[in-house]
Amino acid sequence: MRIVGGRLRGLRLADLGQGDAAAQLRPTTDRVRESIFNLLVNGTHGNPLPDARVLDLFAGTGALGIEALSRGAAHVTLVDDGRVAAGLIRQNLDKARAGDRAVLLRRDARRLGPCTGPGCDLVLLDPPYGRALGEAALEAAHDGGWLAPAATIVWEEARPPLIPAWAELLDQRRYGDTVVTLARRRGG
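For the numbering used here, count along the sequence shown from 1 and bump the result up by 4.
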């Protein structure tokens, strides 16, 4: 696994190794990650990355959040409740020398609680497939004030997710067994 674009392009991230089966880590492939960020940067919906505050839910290895930093985001909050995931995220933040621009919250993404700072401009959501965790986590982020007005949402799932009424669908694409949904919070 490596960073595929931006100032950290080519940076090799920590090896998953044998991992932990209970952690259910399924990192976004380099190909899908590159497609996601090309869609964000070059798509017709405006590039949300420059100076963005990013919320990476179910962060896993932290690759999506670090990719956002590499491409111009100002800050990323990475959320994952797994012990193995937290260790990988810390290793990858160290490799990227991004500790001063990132915060790791080791908690259940469905129970975020209130946001104590400004809302995030970009939400990256890659929950374990087929367990309806994404819907609950996105609602928790919305209800807790984590989303800035007109926040962009990138959501990976095995099937097209149900977009909440407070958001609008912008784009949806399939890459192998992954459906990437791009949405935006209404009212921005």
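Take these hints with a grain of salt, some might be off.
Listed next, with one range per pair, are the computed distances between beta-carbon atoms [to be verified]: (1) Arg-177 - Ala-154: 20 to 26 Å; (2) Glu-172 - Asn-46: 18 to 24 Å; (3) Arg-87 - Gly-191: 18 to 24 Å; (4) Arg-163 - Asp-85: 31 to 37 Å; (5) Gly-47 - Pro-132: 22 to 28 Å; (6) Asp-55 - Arg-87: 28 to 34 Å; (7) Arg-110 - Leu-20: 30 to 36 Å; (8) Arg-87 - Arg-178: 19 to 25 Å; (9) Asn-51 - Arg-87: 32 to 38 Å; (10) Pro-54 - Ala-136: 30 to 36 Å; (11) Gly-180 - Gly-121: 24 to 30 Å.
For the record, the hints were derived by calculation from the structure and aren't laboratory data. Just so you know, even glycine gets a beta-carbon here, dropped at the ideal spot from N, CA and C.
Hints numbered earlier in the text: which of these fail when held up against the supplied structure? 3, 4, 7, 8 and 11
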